[in-house]
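**Student:** Chains A and B, in that order, are what the protein sequence lines are.
Residue numbers for the first sequence follow our numbering, so the first one is -9 and each next one is one higher.
Residue numbers for the second sequence follow our numbering, so the first one is 52 and each next one is one higher.
What the hints contain is simulated information worked out from the structure, not anything from laboratory work.
No experiment lies behind these values; they were computed from the predicted model shown.
All residues carry an ideal CB built from backbone N, CA and C; glycine is no exception.
Among the hints, erroneous ones may be present.
A few chain A residues facing chain B, derived, Cβ under 7 Å [unchecked claim]:
| # | residue |
| --- | --- |
| 1 | Ala26 |
| 2 | Tyr29 |
| 3 | Gln47 |
| 4 | Cys61 |
| 5 | Arg63 |
| 6 | Trp97 |
| 7 | Ile98 |
| 8 | Ile114 |
| 9 | Leu133 |
| 10 | Val161 |
| 11 | Arg162 |
| 12 | Gln169 |
Residue strings, one per chain:
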Amino acid sequence: METSRVLHEPKLETLERIGEGAQRLDLAGMYDSYAAPLYRFLVTLLSDTADAEDALQEVFLGVMRRRNGDCIRDLHAYLFQAARRQALQVLRRRKKREKESAAALSWIDVEACREEHRETAMDIQRALIRLPVEQREVVVLKLGEDLTFREIARLLGIALGTAASRYRLGVRRLRELLQGGEDQ
Amino acid sequence: MTDYRRYQELSDDQLAELIRQLPRRQPGSHLRDRVLFQSAAQALRPSALLRPALAAAAIGILLVLDIAALRLQDRGLAVTGPRAAATVAARTEDAAADSAWSRQMRASGFSFTVARLRADEPASACTYRELLNDLLREGQGGRS
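So here's chain A without its partners, still in its complex pose:
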């Protein structure tokens, strides 16, 4: 099973003066370290790969737009919080247009699942999309990225206890949905 933990400590040498000049920022290195978990996070929140790609691009462009002296102390947290803001913007726009994503997508790669697990993966994705965003984002970071509650709290800028309780509520709700306990 592939695990995809990213670097949890920011690369200080790239962060010292992040806005000083785009050429000094190791954008490719930053992308390679953080894009995959950010992408999975965004797909899970948005349930749409095209929207997730657009949002991911905006996150990285946002870093590049920062100016001199505008330091980022924790790049990992900065990127996830920026991704979260992007995702919420997209969701707000969708709500205005009363357009919901028809697909149920998440960080899980259903195509890559073994045949006997594919149905389970699809069931889980359908249930995931019905979780509130606050629970979904904690669940993806815990189960999709294997992060600790402390790391999740740091990345999302929430209290440790909040991260833990949102996760427990999210998993319980998932189980209830999968067991048919709640149809709506």
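Assemble chain B onto chain A, guided by the hints.
**Tutor:** This is chain B only, laid out in the frame that chain A set:
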């Protein structure tokens, strides 16, 4: 349709473990190219208003030159080198229509556009990745 029976005996922890074992989605390599290209294009111009125009200009000129090269190939003419290719491209109707892009690129100090076509390389080989590499190279050279 969910078969609820298969999940009846699961505890929260077992469900979590089951989910954790499922394979994880990866972003496509095209997304990396796209993000790096857009970031490079953004970094090359100081004015935020001109950034999207720069990216569009880079892609537009590439297309113009590609079209010109394809026309040459259609007519059985050989492209003898980048300067010749650029000259011919500039004389085509398409290039004339898009000359504002060319001027904008020249004003930005870019020269890579004329080097896009080589005699030994088909126009279709001008890929997004190559364009990105050119942009990055030009950007680093221009800023250092």
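**Student:** So, as I understand it, the hint says Tyr29 of chain A touches chain B; can you test that by seeing if any CB pair is closer than 7 Å?
**Tutor:** holds (4 Å)
**Student:** Once the shortest beta carbon distance from Val161 of chain A to chain B is found, is it less than 7 Å?
**Tutor:** holds (5 Å)
**Student:** A closest beta-carbon separation below 7 Å is what the hint needs, so does Trp97 of chain A meet it against chain B?
**Tutor:** holds (5 Å)
**Student:** Have a go at the Arg63 of chain A hint: is there a Cβ in chain B nearer than 7 Å to its own Cβ?
**Tutor:** violated (21 Å)
**Student:** Restraint: Ile98 of chain A near chain B, CB-CB cut 7 Å. Satisfied or not?
**Tutor:** holds (5 Å)
**Student:** Holds or violated: is there a CB of chain B closer than 7 Å to the CB of Leu133 of chain A?
**Tutor:** With a closest approach of 5 Å, the Leu133 of chain A hint holds.
**Student:** Using 7 Å as the Cβ threshold, decide whether Ala26 of chain A counts as touching chain B.
**Tutor:** Holds, because the Cβ-Cβ distance from Ala26 of chain A to chain B comes to roughly 6 Å (cut-off 7 Å).
**Student:** Would the stated hint for Arg162 of chain A survive a check requiring a Cβ distance to chain B of less than 7 Å?
**Tutor:** holds (6 Å)
**Student:** Is the interface hint for Cys61 of chain A satisfied, with its Cβ closer than 7 Å to some Cβ of chain B?
**Tutor:** Violated, about 18 Å.
**Student:** With a cut-off of 7 Å on the beta carbons, see whether Gln169 of chain A makes it to chain B.
**Tutor:** Since the shortest Cβ distance to chain B is 5 Å, the answer is holds.
**Student:** Hint validation: Gln47 of chain A versus chain B, beta carbon distance must be below 7 Å. Holds or violated?
**Tutor:** With Cβ-Cβ at 5 Å, under 7 Å, it holds.
**Student:** Close enough to count: is the Cβ of Ile114 of chain A nearer than 7 Å to one in chain B?
**Tutor:** holds (6 Å)
Hint violations for this structure: numbers 4 and 5, all remaining hints satisfied.
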